[in-house]
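The listed protein sequences derive, respectively, from chains H and Y. My numbering applies: residue 1 is where the first sequence begins, and numbers increase by one. My numbering applies: residue 350 is where the second sequence begins, and numbers increase by one.
Please keep in mind that the hints were generated in silico from the structure rather than gathered at the bench. Using N, Cα and C, we set each Cβ at its ideal position, and we do this for glycine too. Take the hints with a grain of salt, since some may be wrong.
[Said to hold, decoys possible] Label pairs and their in silico Cβ distance ranges:
#1 H/F333 / Y/E434: 25 to 35 Å
#2 Y/D375 / H/L256: 27 to 37 Å
#3 Y/E477 / H/G195: 44 to 54 Å
#4 H/K295 / Y/R473: 52 to 62 Å
#5 Y/L472 / H/A112: 56 to 66 Å
#6 Y/G427 / H/W186: 16 to 26 Å
#7 Y/L472 / H/S212: 46 to 56 Å
#8 Y/P406 / H/G280: 46 to 56 Å
[Stated by the list, open to error] Partial list, computed: chain H residues near chain Y (C-beta under 8 Å):
#9 V247
#10 A248
#11 R249
#12 T250
#13 L251
#14 A253
#15 P255
#16 Y257
#17 F260
#18 P265
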Amino acid sequence: MNVGSKEMEMVSPVAAAPPRANQTPTTTIRTSDAMKSRPQTLLMIPVAAAIGLAVHYCIPKSEPVLPTNYYPTFLRLMFCLGVIGAVGQMISLRLRRWMRQMCPLLGVAVFAAAMWELITTCLGLLPLPYFPGPEAVLAALASDRALLFDSTWHSLFLLLSGYLIGVAFALITGVTIGWFPHARYWGMPLLKVVGPIPATAWIPLAMVIAPSALFSAVGLVALAVWFPVTMLTASGISNTRTSYLDVARTLGASPLYLIFRVAIPAALPNIFIGLFMGLGTSFLTLVVAETVGVKSGLGWYVSWAQGWAEYGKVYGALVIMAAFFSTIMTVLFALRDHVLVWQKGVIKW
Amino acid sequence: MVTDVPAQEAREAASLRIRHVSKEFDSPHGGATPGGLALDDVSLSIAAGELVSIVGPSGCGKSTLLRMIAGLVGPSAGELSIGNEPITGPNAERGLVFQDPSLFPWLTVRRNIETGPRARGVLRENREAVDEFMRLVGLEAFANSFPHHLSGGMAQRVALARALINHPKVLLLDEPLGALDAFTRMRMQDEVLRLWRAHGTTMVFVTHDIDEAIYMSDRIVIMTQRPGKIEQIIPVELERPRDRSSQDFLRLRGDILETLHFAGQPLGGNKG
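Please model the entire structure based on the sequences and the hints provided.
The following block contains the structure:
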């Protein structure tokens, strides 16, 4: 990858940041495939679920107990799935690999839930209503599922429209600034001065000039994406190796060919760094924009639930957000893996 | 052959003329490259189908000369032409191969080779030619590999095929084998010669390696240090395939080293 410019050095840690969960080095997979999974690994989920159930049923509660039963049902489900997985991995190699990878993580997660219930509902160490137990969160998720689904849908619409508009503009401006010296002369200072302003700081202005709250929110998300993607695209384009361009020229390439078939492919690794950074800033902007402007979406739901001091719902919405944002991240990772497949083996993902 | 008039004309049309070419670079403040005169009044004629190599110390302007022939940089004075047409910019008539193969890493081997026809919009007519060139450089098995899976020698073969598929009148090679190990390099020299003979392309070959120059070229152009000038042009009249250890080969090698002042001084001056 082309690590030439200052911009690149500035952001390269971000590029290396998110390692993929399923990337154990091949050597360890090969050596451990021969062995059987160790029983303590396989038992982690059932044991953690059993601890959770013991905490739930055996320790007296110091806080009021909800009539619902979602949390123990969840624990029983985890227990059964853990046992089924432990049996199934004797037959399926793929399941064995997955179990070896996931058992410790899931086991600890279930155990953390058990400890959470212990210090909240059972021992009452944390003040209500700010720190409800797991049952309250699951109950909130279940009872408000229609509204949560609707909010997620609104957030998805807002995020995607803002992100895609922002990326489209950013690619145009980034390529223009990166390729044409004149555009670079005038565009770069503007980009460097105006770009770093957080998109959320434009909210007062956006509210005045946009015809509706939805428009202003889409515009803000687009702006939040626009800056990093433009910056990284421009630096990627202008750092295209001269020899690529020279060779293409002597092969008969037209200027358009040089831009679209040489400079842009060469800049793609950089562009993807920008896309990832932009996705991060767009999540942030989305939540803020929904909180202050648009009266729908997950950001709005969180502040609305907080207004009613329903912290179970706040945490429920946070759980949905975590799943929502990480799914979108995963989609972008998959896209990158597909587009930059030629980098496999060149750089470590 | 001498009476073959059309062939004679074709050769004329493809011949490369460099007339009184100089190149001066601006001296950038604190820049890594020193400014000043890089090439000083260089004149050279290369006949169609000739293989000429250019040797000389670093900084003698060999690469600059090659880039000027390619049309990537213009001369400060003088003119370059192919046949009767002056060289004004880069085009597919003059292919270029660098020491670094500079394959596009995002394209497979096959798509790298297809670049020329694709860029000129004649890919459909050239599908078979692509197959032929893949075979010619022995890389059919790697058609769908990405460049970083290739060894240095294989990558350079792809670069050669990518340049030759355009059937350039002139192929410019800037130390194309410089980064290869000694054995791969000797194999690749034969490979380049084979391609040269098969296509009759005019080749201008910049190298640091005197043995390589003698082994391959019809004529050797020796250039001097900054500002780059042509010191001498030595025709190599050895029969091909050439024997790297024959008397004539070694004598020629001695002559060239002497011209470049690398012949070695007798110690203590007690000789002659």
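We went through each hint and held it up to the structure:
{"no.": "1", "hint": "H/F333 / Y/E434: 25 to 35 Å", "result": "violated (52 Å)"}
{"no.": "2", "hint": "Y/D375 / H/L256: 27 to 37 Å", "result": "holds (30 Å)"}
{"no.": "3", "hint": "Y/E477 / H/G195: 44 to 54 Å", "result": "holds (50 Å)"}
{"no.": "4", "hint": "H/K295 / Y/R473: 52 to 62 Å", "result": "holds (56 Å)"}
{"no.": "5", "hint": "Y/L472 / H/A112: 56 to 66 Å", "result": "holds (58 Å)"}
{"no.": "6", "hint": "Y/G427 / H/W186: 16 to 26 Å", "result": "violated (37 Å)"}
{"no.": "7", "hint": "Y/L472 / H/S212: 46 to 56 Å", "result": "holds (49 Å)"}
{"no.": "8", "hint": "Y/P406 / H/G280: 46 to 56 Å", "result": "holds (52 Å)"}
{"no.": "9", "hint": "V247", "result": "holds (5 Å)"}
{"no.": "10", "hint": "A248", "result": "holds (7 Å)"}
{"no.": "11", "hint": "R249", "result": "holds (4 Å)"}
{"no.": "12", "hint": "T250", "result": "holds (4 Å)"}
{"no.": "13", "hint": "L251", "result": "holds (4 Å)"}
{"no.": "14", "hint": "A253", "result": "holds (4 Å)"}
{"no.": "15", "hint": "P255", "result": "violated (11 Å)"}
{"no.": "16", "hint": "Y257", "result": "holds (5 Å)"}
{"no.": "17", "hint": "F260", "result": "violated (11 Å)"}
{"no.": "18", "hint": "P265", "result": "holds (5 Å)"}
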